[in-house]
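Enquirer: Okay, here's what each chain looks like letter by letter:
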Amino acid sequence: MNLFDVIGPVMIGPSSSHTAGAVRLAKLALAVLGEPVAYANIGLHGSFSQTYKGHGTDLALIAGLLGWNPDDVRIPQAFLYADKAAIRIEFKVIQLGEKAHPNSVRFLLKGAEGQCCTVTGSSIGGGRVLISEIDGFPLAFTGEFPSLLTIHQDKPGVIAQVTSILSRYDVNVAQMKVFRKEKGGLAAMIVETDQLVDEEAWLAVNNLVNVQTVRRIQAI
Amino acid sequence: MLEDKLSLQSLIETAQNKNMRFGDLCIELQAAEMGITKEQLLTKMISILEVMESSIEHGLMGEKSKGGLVGGDAKKMRDYIAAEKNVCLVGNLIADTIIMAIAVGEANAGMGKIVAAPTAGSSGVLPAVLFSLAKNNNVARLNLAQALVVAGVIGMVIASRATLSGAEGGCQAECGAAAAMAAGAAVDLLGGSPTEVGHAAAITLKNMLGLVCDPVAGLVEVPCVKRNSGAAVQALAAAQMSLAGIISVIPVDEVIDSMASVGSAMHCSLKETAQGGLAATPTALNWAQKLFGNP
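First to last, the protein sequences are chains A and B. Sequential numbering of the first sequence, starting at 2, is according to our numbering. Sequential numbering of the second sequence, starting at 18, is according to our numbering.
To be clear, the hints were calculated from the coordinates, so they are not data collected in a lab. Beta carbons are placed, not taken as given, at the ideal position from N, Cα and C, and that holds for glycine. Hints are supplied without guarantee of correctness; some may be wrong.
[Said to hold, decoys possible] One side only, chain A facing chain B, incomplete, derived with CB under 8 angstroms:
(1) Val7
(2) Val11
(3) Ile13
(4) Gly14
(5) Gly68
(6) Asn70
(7) Val210
Okay, chain A solo, but in the shape it has when bound (with noise of 0.2 angstroms):
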């Protein structure tokens, strides 16, 4: 924890956690996405399902689809610019179980260029993140740090190659996660990296056999 923890962030109103953790929630999900969103269908559970209007949290998760930071001072009026940009976003209740934080939300995104995704997290607090589901694999990350986010077969050899990719490009590993539904399935990876993975290297990625779908997630 720094100073600037404590004395800040600048946000606006009036919760950390239903409002800039909004914003910060649906940033991501825009990452995740990697391109402009043009139809955001929007699932909200627990405490974000009951309270979201008094806390904006309809116009925080907006305004982090369109891209905007938690102290952008247009984020009252983000549903007007949502439909400025023709951005078709539908809003429902949804129960992710017992289990998931009250503060928890599922996007499932369609992009102006024909990307999907699906995209669950949740607000834990002074505003920070934590994403717990992409295109319904289960996984952790808090998009602090850029990331490379693969889908792939869970096959001896992947990893390394995947990690010597990035070494080849002078990308530092921060740090990694497998998560796989079962053995010799799908799996999936986050890599936190502490320099952006460029377009020639996502794509080398990309062109693995063993790799399926390969996202680019800037760090919020």
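Guided by the hints, dock chain B onto chain A, whose structure is given.
Expert: Leaving out everything else, chain B in the frame of chain A:
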């Protein structure tokens, strides 16, 4: 990452041994820790002060909040005090403090831009104490920036030994911590010694120990906005006592530790869940039903 507990007492002793103002020590240590110059640190603090000042102005416009439970009270009190026929019971300084604390609380509830210091819910306390002192004592902006660093360091100690989250420690961890930070900052701003900074923070937190977090309908509106004004006045009372040489019998680090243990012992219905305290009153439940359709 595991972080060691910080000690306000040891920082106070360091300042005493080096014969330094507490604020000067805080700026030196924080600039070094972040790898920036003292000037850069103070410039950043001045930009944060500007956001705080605008948030006071925003609140004084008198807009209603998102939930509709608050808004317009800062303007109401300012207009009342400004009319000569009315009584200013508490003096200009405290009247300004109350008005400014409510203003920022209302700006926050109305989706205005604020500085979470340490949290959004307690964001009115520091601006109210600093800017009411500045208005009534002709304080330079640079000195306010230094006081803000003092407040931040006190907050960091509280975060490391206890918590700054209402969900973990109740309102004593939000408005209580904000007030302790503001009291120490006020003492440093008015030329008090490092020891007096510590006593002011200790006395404030002692007076707010046990305060629960019981937001009506789960919103940062009732009782949060008015609690910011109460907390800011607590800070000034403790700063005044400390400047007069009154000491806290319990040392400041021990007071902070006791806030942590009181927070742990506090029932979860009183920690931001809107299940207890004022949030469980019939009127609060009616508001929750009206706003969100919750029973």
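Enquirer: For each hint, tell me whether it holds in the structure or not.
Expert: Status of the hints after comparison with the structure:
1. Val7: The hint holds - valine 7 of chain A has a Cβ within 8 angstroms of chain B, the shortest such distance being about 4 angstroms.
2. Val11: 5 angstroms, holds
3. Ile13: The hint holds - isoleucine 13 of chain A has a Cβ within 8 angstroms of chain B, the shortest such distance being about 6 angstroms.
4. Gly14: 3 angstroms, holds
5. Gly68: 18 angstroms, violated
6. Asn70: 11 angstroms, violated
7. Val210: 38 angstroms, violated
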